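Chains A and B are the protein sequences, given in the same order. Everything in the first sequence is counted per the working numbering, starting at 1161 for the first residue and increasing by one. Everything in the second sequence is counted per the working numbering, starting at 9 for the first residue and increasing by one.
These are calculated hints, taken from the structure and not from any lab test. From a predicted model like this one, the values you see are computed outputs, not experimental measurements. We put the beta carbon where it would ideally sit given N, CA and C, even for glycine. Worth double-checking, as some hints may not be accurate.
What the hints assert, rightly or not - Stretch-level coverage of chain A by chain B, calculated; a stretch enters the list once three of its residues show a Cβ under 8 Å from a Cβ in chain B:
1) 1202 to 1213
2) 1263 to 1272
Claimed, not checked - Calculated cross-link-like contacts (lysine-lysine; reagent style DSBU-like; alpha-carbon spacing at most 35 Å):
3) B:K21 - A:K1261
4) A:K1228 - A:K1202
5) A:K1209 - A:K1261
6) A:K1229 - A:K1218
7) B:K65 - A:K1218
8) B:K65 - A:K1229
9) B:K65 - A:K1209
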Amino acid sequence: AQSVTQLDSHVSVSEGTPVLLRCNYSSSYSPSLFWYVQHPNKGLQLLLKYTSAATLVKGINGFEAEFKKSETSFHLTKPSAHMSDAAEYFCVVSGAGGYNKLIFGAGTRLAVHP
Amino acid sequence: KAGVTQTPRYLIKTRGQQVTLSCSPISGHRSVSWYQQTPGQGLQFLFEYFSETQRNKGNFPGRFSGRQFSNSRSEMNVSTLELGDSALYLCASSFDSLTEQYFGPGTRLTVT
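Could you build all of it, start to finish, from the sequences and the hints given here?
Pasting the structure below:
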């Protein structure tokens, strides 16, 4: 079975400092992994996806994630946080049904302080 | 290209009633998936429809059902509503199972 664990429920950073949101996954086969972001009262937006090509994946808004099979991790990073990055972030793995059966982590709420 | 649209955006129902939510996918997308988001359980997969057929199903009771029309629009129905069904219901569409999903803004259902 597939699952994801987001290691931090809340992360707080200052504007201009790096962001690190941690995610570990479990999958019985080579997984497809995603990061989605949800701003308040909005739907989910895809930040980036990993599908067994390059292990370092670049996404929108300066975010990137690195797939590490040996550590079963897919951490999300950004060199410099912006106030507009404040939102909830979800690490997601595709289930046995393909991309269209997504299994979500519990989410990490990112706060960005001036 | 217009995004995924969901109607209504907000809904208040009474326990025991039934409700129907609607989702219009991005033009050309054939797959529609539904998810339930609650503070306690997080985001959970309900079911997926592709070309009018249910292709995947999550672990929800039979009170939750759905369908897809020939134009790929989808509806989900919840019968005999319970207080615990209060949630944000998200719809997502994709071209097929190998392309990423795009989410709508959701329908917030409150059951009183």
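Here is what the structure says about each hint:
Figure legend: the region 1202 to 1213 of chain A, annotated as covered by chain B; annotation consistent (6 residues with Cβ-Cβ distances under 8 Å, at least 3 required). Coverage of the region 1263 to 1272 of chain A by chain B holds. Counting CB-CB distances below 8 Å, 5 residues qualify, and the rule asks for three or more. At most 35 Å may separate the alpha-carbon atoms for a hinted pair to count; K21 of chain B and K1261 of chain A meet this at roughly 28 Å. For a cut-off of 35 Å, the pair hint linking K1228 of chain A to K1202 of chain A stands: about 30 Å separates their Cα positions.
Restraint check for K1209 of chain A and K1261 of chain A: satisfied, since their Cα atoms lie roughly 15 Å apart, inside the 35 Å limit. Between K1229 of chain A and K1218 of chain A, the direct Cα distance comes to roughly 17 Å. Compliance with the 35 Å bound is thereby established for this hinted pair. Between K65 of chain B and K1218 of chain A the alpha-carbon distance is near 31 Å, which keeps this suggested pair within the 35 Å criterion. This hinted pair checks out: K65 of chain B and K1229 of chain A have alpha carbons roughly 28 Å apart, not beyond 35 Å.
Annotation: proposed proximity of K65 of chain B to K1209 of chain A holds, straight-line Cα distance about 23 Å (limit 35 Å).
Checked against the numbered hints above, the structure breaks none of them.
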